[in-house]
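Chemist: Following the numbering used here, the numbering of the sequence shown begins with 1 at its first residue and continues without gaps.
For the record, the hints were derived by calculation from the structure and aren't laboratory data. Errors might be hidden in some of the hints.
Claimed, not checked - Here are the simulated lysine to any residue pairs, SDA-like style, with alpha carbons at most 20 Å apart:
1) K20 with H57
2) K91 with L64
3) K20 with F206
4) K91 with E66
5) K20 with T134
6) K20 with D10
7) K20 with V242
8) K91 with D75
What the hints assert, rightly or not - So the derived label-pair ranges between C-beta atoms look like this:
9) R244 with P222: 38 to 48 Å
10) S193 with P136: 23 to 33 Å
11) V138 with P100: 21 to 31 Å
12) D16 with P222: 38 to 48 Å
13) E142 with E66: 42 to 52 Å
14) G204 with S135: 22 to 32 Å
15) A157 with G192: 21 to 31 Å
Every residue gets a Cβ at the ideal spot worked out from N, C-alpha and C, and that includes glycine.
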Amino acid sequence: MNELLSAVLDAHGGLDNWQKATTLRARLSLGGPFWAARGWPELLSYQTVTLDAHRQHIEFTPVLAENRTSVFDIDPERVTIRNGDGGLIEKRPWPRDSFPSELNPSATPWDAVQVAYFASAAMWNYLTEPFGLTSPGVQAREIDPWEEDGETWRRLAITFPAANANHNPDQVFYYDERFMQRRMDCSPHVTGSPLIAHYTHNPGTFDGFVFPTRRLVRRRQPDGVADQSFAAITIDIDTVAVERS
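With the sequences and hints as input, model every part of the structure.
Modeler: Structure representation (structure tokens):
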């Protein structure tokens, strides 16, 4: 295993410990102007997400409206939205294929399934990192370090397999001297592949694992410098509970 990744795993609770995890349940809020531009202002706040620790399965409650739950699953990829009684409202296989080919950052609307897919695929990956970086087919290699805010951050270039529902296959993760994640660079395909610098802050320990409790999604320039004046998406995590086998 890559030496840097091994140190990161140890700093976040240890891979052996993670192998015993079965289910994560987090209380969180998603904010920022991105959601209003998709036509869903203030409807992703104060949610409970429940996910499988080792397979891409995640539930959001409530999602987009009170008494609604979205379920994202794979094999095949699909999103299901149900009411509070479990009744089916909408189901869509391969939801990624339904996104518009072009996106106006300030004005392109998404439907409920598209919002649920984007949030679900993203949060499953965020909440299982860094352990998800050891999943089958994921490739990791250390690249040149990065200087920011007077600090030196070591970097992992990650390539995810096509089977992983994610923003895009090639991403870069940044870690500080404590092996805490500070940033992740990606280019989400369903939003037109913009250059994104996703910052992670305030690591907290829950049930023996370390999770960033604040995330700020910013734009970056081709040279890697991020626009620190604006965050399109914010994510705040209140609690995480981890069930083990």
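Chemist: Quick one: which hint numbers does this structure break? Sort them smallest to largest.
Modeler: none
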